[in-house]
Structure formats: C-alpha cells, structure tokens
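Trainee: If you want the building blocks of each chain, they are given just below.
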Amino acid sequence: MTDAVKPNVETTLVNLTIDNVPVSVPKGTLVVDAAKRIGIDIPVFCYHPKLEPVGMCRMCLVDIGLPAVNRETGKVETDKQGRPVINFGRALQTGCTVEVAEGMVVVGYTEKVQKARQDVLEFLLTSHPLDCPICDKGGECPLQNLTMAHGRSDSRFIFDEKIKLAKHVPLGEMIFLDRERCIQCARCTRFQDEIADDPVIGFEARGRSLQIVTYSEPGFDSIWSGNTTDICPVGALTTTDFRFGARPWELQASASLCTHCPVGCNTTLNTRREAKAGGEMVVKRVMPRQNEEVNEIWLCDKGRFAHHYAAKDDGRLTGPLVRRDGKLVAATWEKALALVAEKFEGAGKGLVTLAGGKLTNEDLYNLAGLAKARGGKALLDSRMAGGDLTAQVGLSTGSNLADLGKGDAALVVACDLEEEAPLWWLRVKQAAERGATVIVANPRRTKLERHAAFTLRYEYGHEAALVTALVGSFSPKRADLPAAVQALIRDKDVKDAGQAIAGAKDLIVFYGSEGTGLAESAALARACANLLIGTGHIGRPNNGLVAVWDKANAQGGWDMGLRPSADLAADLGAAKAAYIVAADPAGDSPALAEAVKAAGFVVVQDIRLSATAELADVVLPAAAFTERDGTFTSGERRVQRLHPAVPAYAGLRGDFAVTAQIAARLGVAQEKRLATGVFNQIAASVPAYAGLTSAALSEVREQWPVIGRGDVYYGGTTYDNKQGLGVQLPVSGDSPALTFEQPAEPAKFKGLKAVPVTRLYDRGTTVTPSAVLHPRLPGAFIALSVEDADKMKIEPGQKVQATLNGVTVEVEAHIDNSLAQGVVLAPRSFGLAIEGPCEITVKK
Amino acid sequence: MANVIGSIAALMNGMWTVLKQGLEGPVTVQYPEVKRPVHRRFKGRHFLRRYENGLERCIGCSLCAAACPADAIFVEASENTDDKRYSPGERYASTYEINMLRCIFCGYCEDACPTQAIVLGDNYEMSFTDRSQAIYTREMLLDPAAPDARPTPQKVAPGSFDRSIPDMKDPD
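As given, the protein sequences belong to chains X and S, one line each in that order.
In terms of the numbering used here, the first sequence opens at residue 47 and continues consecutively.
In terms of the numbering used here, the second sequence opens at residue 17 and continues consecutively.
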C-alpha cells in the first residue's frame, strides 16, 4: 500500500483529469487507483492495490499528458482559449506505476489505448489454454472478463503453436498449479514475499519457459497459501478443497465469521445444494469478506479450509441422546429436556455450566443467566485470564491496527502471533513496515521477530516479570522487586524497549498463552495492564490491551460474566449436575475425563459426539455456526455478526435456544426464539454492549481498496462486505488503577519442564474433520532444546514416550535451537495432558 | 337469380371437398405400433454422447445448466484419474440430471456445450406417473458405449488424456 491511500494520513491533494473527469487525490496515488476512486476502470492484471506495483502485464496502458511548462517563466503555457497546453508522451504509459501529478491528463478511451489493450490480451491468449469450461476460476476470472470487455474476437496467432505444459501440478497439498493458465503476473509470488513474508514460491527460468515453482519442503509451505488463489487473475492457482466443487455462478453467499481464533475474520460462506450430499445445502468454500479493520481481504488457511467440522456428515448429532442401561440411545426432545430439567432442579446450587469459547455471545448470555438464576457456577473453557482487564484497558472504539505507524509501538509478549492469531501477525508486521516499533518478548524464536525492533528473551514463567521490568525501566526502581525482575531491569535491551514503549504515541500490547497456565496468564495480563496504565496508553483509540485468546469468543464469555475455573477438575468433579456446552474437557485431558465421570449428572451439548459426550447422561445436539445466527466479540473487542448459510437438521437450534428451553422448565424466562432477541437483552443489561443493535452491526462504510462489484480483476475474488463491519466496544469509563503484584517465581521441577504452546494446525476437534488439511497436520510432538536432545541422544524426528501429569503419549521429538536447556515445548490440542507448565519425563 | 346459382356452386364446392376427403386414407396412425418420422430439426429428449473410444464427452462444466432458461439441468463435477477415467481431461460430470417436466426443449444446452456432449434427439416418449420419474439421471441420458469401445470408467495409460476440450484447429 502506498502512503497516500493509507487511512488517517494527512496528505496534500493533487488535481488531475481522468477521461475528462476532474479528480483530487492524495499525492503519491497511482493513476489506476485515482481512476478507481471515481469509478473509472483501468484494466489491470499484475497490479494489486495491496502489493507494490511492478508494471509487468502492460494491461493498464493509458495515454498520460502533463501541462507544458514554459522553461523561462516556469508557468503553465496556455492556448488561445486560456486552457493549459498538454504534452502527451509519444508512447503509452502504465497507469499502475505512474503517480498522479498536478494538472495531469489521463486518457483511456482513445483508439490508441483500446488498441493497446486488445494487443496485450491477444498476446496473453497466445498461450492460454482456454479451458474455461473446466476451470474453477471460470465465471469469476479477470482474464475472462477483460477479454470480453477489451479483447479481439479473433487471434492472428497460430493455434498449433500454443505451448503445452503440465496442467495438474500440486504446488502444495492445498494448492494446484496449472502451468498453461499462468499469465506470469507474479501476484502470487509477490504476495508470498511482500505480505506473507513466506517467499516459498517464485519464478524459475525466463521468457516462455518461465514458470512458478515452490522452494519449500513440503511444497508451498505457508499458512497463507489460499490467498494466492483469490488474487490469481486466472485459474492457474486453485484450491484442492474447492476443486471442481461448483461453478462460481451457482454459489450462494452468506456472511459469516471465522470461529477459529480471536481475530474474528469476516468470511463469506459459499453454499450450493448438492446431490452427493443427499440434496442438502453444503458449504462449498470459505472466502474472505473485506473488512479493512479486521482481516483486510485475507484469510489464513485454517480459516479457509478447516470448516468441515460443521458439515452435515455422519459424525454430526441429529437428535437428543439419553443414557439408558449404560448406553446412549435416541430420545425425543420432550423427554430429554424433561429429564435434564428434573436433574438440574435436584442439583440446586450444585449446577456447573461449562461453556466453550466458540459459542456466540447469545449462547454465553443464556448459559450464564441460567447458572446465575440457579445459583450455580458459570465457567468458561479457557486457560487464559484477563478478560476483565481487556474490558477496562482494551482497545476502544475507533481502533484499527492499520493506523499504527511511525512513532507507535506494539508489544507482543508470550505469544507466537502467527500461530495463535495469524491475521494479527500480518497486521503487526505491516505496522512494523510502516515504521512502528514492534517489541517481541518470547522465550524462543518466533516469526514476528524478523520485523521486531527489539527481541527480548526471558525464561518461561517470567512473562509477568519481564513486563514489570519494562515498567521498571522507566519508573523508580523498586527494591522489593524479585531478583529475576531486577536482573531483567538491568538488561540493556529491556531498558531500551521500555523507553521505546514509554515514548510511543500509541501502544498496543498483545499477550498470548505461550507457556502460561491460568495463574501465569492472570499475572501477565495484570502486568500488561500496568504497563499501559503506567505509560498512559489507555482510553484512546489504538491504545490498549489485546488478549490473544485461546478461544475465538473468550472475550464474549468474559463480557457475559463467565470465568475460567482455577481448578476445573475439582469444579466438575464436585458438580451435582454439569452442563457442558461446546466444550470437550474429557478429550482435552484425562484428569478432566475423571472429573466428568465423577460429576453427578452430565449434560453435554455439542454438534458432534465428543469424548465428553460419550461420558454424558444426556447429549443434546445443537446447530453449527454455519446454520445459525449470532454475534462474536473479537480480541479487539469488535462485536460482529454471523448469519445462517445452510439449514440445520430438523429440530436443531442454536445453543441459546436449547439452554432457554431448559431454563423455561426450571422457571427461568429466557429468549428462545431469536438470537437477535437475546442480543437485545445483552445490549440492555451488559454495560459495555449498551445501546448496540443488530442494525449497527450491519452498517457498512466505503472501504479502500474497492473490490468485488463485478470487477474481480482489482482485488481478487474476495467478497465485498455488504453485511456489516461490526462495532468496536468502548472501554469502561472507570479510570483503572495500578495494582502491582509481586511476580511469582516460576515453578521449578526436578526434571524437565514442559510448557504449553499453541500451534495453528493442531489436532483439535474443529480441525481434524477437514481432510484437506490432514497432510499439513503434524502428529503429536514435543520440542526439545539442543542440549537436552544431545544429553538424551535423541535425534530429530525420533519417536519418544512423553509422560505429562501421569499420562504417557508416544510423540515425535523435534529440536528447537532457540530453546533453553531444561524446557520442553508441549503443544496444546495434540492429546498431551498439559494445561500449564508442568513436569515432563521423556523416554526413548 | 345469380344469387341462387352462386349458392348452388358453393354447396357443390363444399360437397366436393367432403367427397374428396372421404376418398382419402386416414391421417391417424396406430401409435405406438406405428411412429411418424420427426422433422430434421425436431428437439426431443437429450442424450449424452461419447467419443469413439468410449469416453464420455461431458466434462461437467455446467454451461448447459447456466444456459438453461428453465433451470432444468443440474450438474456436479468430480475429478478424473487415469485409473478411473470417465472423460478426457481432469473433470467429468459425476451427477447429471435433467428435469423433463421443466425442460422446454429449446436446445440452448446443446448450443452451450463446448464438447458437443449433449444433443437433443428425436425421442418424445416421456410420460410419467410420478414427478420424480421426470428426473433423468446421467445413467439414463448417456449413450451406451459402442460395441468396440470400452465403457466408463476406463483404466488408461497415465497422461494419455490430458485435454478436456479437443484442441482448436487453425481456421482455414
């Protein structure tokens, strides 16, 4: 993106005329962009508004003239009528590489320009296979559209001379390359280079032999690969997920949200009725939906491909199940709900509700309401704390990561941002490229460090201490601080980083869950809040705390009054009745499985039969996110709405409706018909959500770059956002106070210390049903330091037995050379029993 | 007077026509034993054709469905492999359905087809006792393979059929 089109940057305006229409645009704007702003289409192939211009395809050739300036007087020469004399160049110029200038005249309608466009297209088509009928891009293809608009009806080239190339090259497991279709615009390679910073594909050879190749092993090893298929102006890159799935014009589009991480990327679900699926409506693909404040026009591969868990396959629950004689058997809703209500009635205050973090705000509100009305506990299935602090010192209305630039800073602590929330990694990286100071604090190397001004290392367990040290480096030294903090304060990098933070105009702090359990997370969140309060970076847009939640809607959970349990096993084990919704504690950890078994009466509500559901007394089915209405609150505290894309199984409703039906039988009145009805109640009773309406969530504004709208050649096949950009919540009005807590000493263990880390591609229940991702899903693994691996003589890739919390799992040993001795990384959601730092024994 | 003669002439003319018709044979035929030939450009029920080697011409591109003004055609595509090849190239129609109750026999599907796979034949004998019988599936529409050709799916030598659409020839 050039400086000129960045939002909120004051620049001088330049006046020019494009096709006789006068226009004023900021200095530095490119001619194609200036034309786009007034609705004049200059056709392009290689130019993309998010990428640096290269002027390779020559499609944007236009006649550009500048006013003649008298060399002696320095004044613009005028003709007899007093109009400025315009000197046009002898040759046409590429509109994508020329910046606007005062008095410039751009002409795109003359025969000369039309001829140039025709010729460029004729050249491109000399070797294009024209197999549009079987091409997945056919119907939303810029080359097709521009040929129809600007091309000749015949070709002067010899068909027999068309080159024949491989049409079925698996560039990676998720992306197919058709070498014949490629027009060598380099959008994909430039995207991987400039935007994704994973330069794993590139051009090989030159001229007619030029082709796209992948340099990585496995091929196209990037979590951003799907985006290249969106911006490819032909059908050279297509996804295996959508391969021959439907023709684009047959698809219906519904606005939705990605439910995998707290970024809350806006998506469009493309659906079609399918004979193969027995005549059901099926989600055929997930496409990004433009929201320049959230995901721009991008989507990570997990968001794009890991949607099959919501599909209507054999694994989905279609009706209630009740345990009879030790077996779960089908039951009517009436009977199942009556039984649940009877048992909940009997449990009294012993009711424990556990809510998963991918539930909507409406579900969470009703669940919390039920628990509160019955005097029970409302728990959130999350291992992170700080939702109360993000409500106080989080990002406030009007924040946009795209506004961070020179003079601003972003601190990313205890978080592998690309793995935990890929889009935030992308946007923080872009902030660094605009000049923001990015400080990455993590015990091991992460990808964001390539763009960091300061890279701070600390020992696992010292997260809070490090953040406290950052405060300490500019506040009077406190003698009562622990030795670890004192040592960190004296570190030069920490000192410099602290100064950068103190001097930053705007500061956003991201904290994740790298190596932290709930207790460590609470301390870290508090320390981060202190840092922001202490340096005065609160209460203004683009300042505040962002939790990189482990669950998509954990923020919503906190806002609706749910809290993670400090000891979930104890809480579940002691429950007289447990109501577990969209969470799978038994699948997460064997210790929790025991607790679920110990609980009195267990009701599990989910879309699939989870490990916890297998232990339940009653299993209630619910509609998946693709089948229902609802809102999510992202980590940036943006409330956004998803819409149903496909019908649910007969009788299945959103979770809030099932909860409301149970509540009704217990004499608690809850909205059970419409999600928007619950949302109105949230708006009336939750202070931060006061006054919110569904209409406000559906508001849209003009966004730049302009995409969609029939001109797919400009931004790719990303969908235009017509269904709402969401609303960012204000921060609570109370002035938050500094609450210093002594950073605790990290737990010490006799043997090796295992710390939990989050991987994007895990083996959780929302990822594994997507077969398309399977080749990229690693098996269970642990990562050892070089020293420990040497000591135990473990080779990379070797199978070892890892024992955590009494559970032994066979895992593959990886070696991470940025890891300190004595520390073992144990990834979450891989079947390893890890919730926080704990001891691990590794045997060969 | 002239009026009377005129009336008699008209009467005789009419009687002559009746007499002439009475001497002609019947226009009706003993359908279904006897079938009248249809006109050359008659559009009857569709057929999905094959190449000489037995491979299906249809590549599942769905352009017929897009061209259909009555939305009578439904196509779903899948991917060919050399072990299970239905049509040349990468793509074939794994589901192909025409709802004959909706079809208006306009022939636009024929025009849209890039491989001349779908043609409207001369079969007009489509009567149903149930609406679901009006859905003609791929199996019903496909021509049988010629006696000397193999039926689909075929196992073929790798890489022998990598073009979905026959190569274009230079215009003379």
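Keep in mind that the hints were calculated from the coordinates and are not lab data.
Mixed in with the good hints there might be a few duds.
Said to hold, decoys possible - Simulated restraints, written as ranges between beta carbons of each label pair:
#1 S/Pro48 <-> X/Pro693: 41 to 47 Å
#2 X/Lys845 <-> S/Lys171: 37 to 43 Å
#3 S/Arg57 <-> X/Glu338: 54 to 60 Å
#4 X/Glu148 <-> S/Pro85: 19 to 25 Å
#5 S/Pro85 <-> X/Glu338: 39 to 45 Å
#6 S/Lys171 <-> X/Val832: 36 to 42 Å
Built from N, CA and C at the ideal position, the CB exists for glycine as well.
Trainee: Look at each hint and say if it fits the structure.
Mentor: Checked hints:
{"no.": "1", "hint": "S/Pro48 <-> X/Pro693: 41 to 47 Å", "verdict": "holds (44 Å)"}
{"no.": "2", "hint": "X/Lys845 <-> S/Lys171: 37 to 43 Å", "verdict": "holds (38 Å)"}
{"no.": "3", "hint": "S/Arg57 <-> X/Glu338: 54 to 60 Å", "verdict": "holds (56 Å)"}
{"no.": "4", "hint": "X/Glu148 <-> S/Pro85: 19 to 25 Å", "verdict": "violated (54 Å)"}
{"no.": "5", "hint": "S/Pro85 <-> X/Glu338: 39 to 45 Å", "verdict": "holds (40 Å)"}
{"no.": "6", "hint": "S/Lys171 <-> X/Val832: 36 to 42 Å", "verdict": "violated (51 Å)"}
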